[in-house]
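*Asks:* Sequence:
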Amino acid sequence: MDTATEFGRLLGPLRRAVLRTRRAEGLPDLPEAQIELLRVLAEAGTLTPGEAAVRLKAAPSTVSNLVRTMVAADLVERTPSTTNLRTVHLAATPRALDMLDRYDRISTAALRQALDSLSPRSRQAVERAIPALAELLVALEGQASGGGRA
1 MDTATEFGRL
11 LGPLRRAVLR
21 TRRAEGLPDL
31 PEAQIELLRV
41 LAEAGTLTPG
51 EAAVRLKAAP
61 STVSNLVRTM
71 VAADLVERTP
81 STTNLRTVHL
91 AATPRALDML
101 DRYDRISTAA
111 LRQALDSLSP
121 RSRQAVERAI
131 PALAELLVAL
141 EGQASGGGRA
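Following the UniProt record's numbering, the numbering of the sequence shown begins with 1 at its first residue and continues without gaps.
Check before you lean on any hint, since a few could be wrong.
Unchecked claim - Restraint-style ranges between C-beta atoms, simulated for each label pair:
1) R86 <-> R128: 43 to 51 Å
2) L137 <-> G50: 28 to 36 Å
3) K57 <-> R95: 20 to 28 Å
4) N84 <-> R20: 40 to 48 Å
5) P80 <-> L133: 34 to 42 Å
6) G142 <-> R102: 30 to 38 Å
7) P31 <-> E141: 14 to 22 Å
In short, the hints are calculated from the structure, not lab data.
Backbone N, C-alpha and C define an ideal beta-carbon position, used for all residues, glycine too.
Generate coordinates for the entire structure from the input sequences, incorporating the hints supplied.
*Replies:* And the structure:
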């Protein structure tokens, strides 16, 4: 068994399974990129589009496109800076923050129920894997930014 191949094959289906729990609860099906931007804004409060791009490790044009779509959907507010007329500040709307909270509660409940249905041995294996998965994420992000090892 090749761990990278098998793990890669599981990532998409796992993500889609969690997304299905959100749909089952009547929540809108937001793209992951929008959810990530909302998480960054919820954590920071307000950011400029450039700051959001840095935190998301995304191109400024990508963030600009996300913001345009999300402003139209009443998920993000754009407020002009009071000190620099060329700068805007982004914030998640109350509606978006509520939706994000509901996403998290529903996803967490579904994951908790699924984990509880596993054998104790499998559940412990998943719990033990969490730190390694966090480390794997850091390694993948390092590769994506050109900091990976050859």
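*Asks:* Which hint numbers does the structure go against, in order from smallest to largest?
*Replies:* 2
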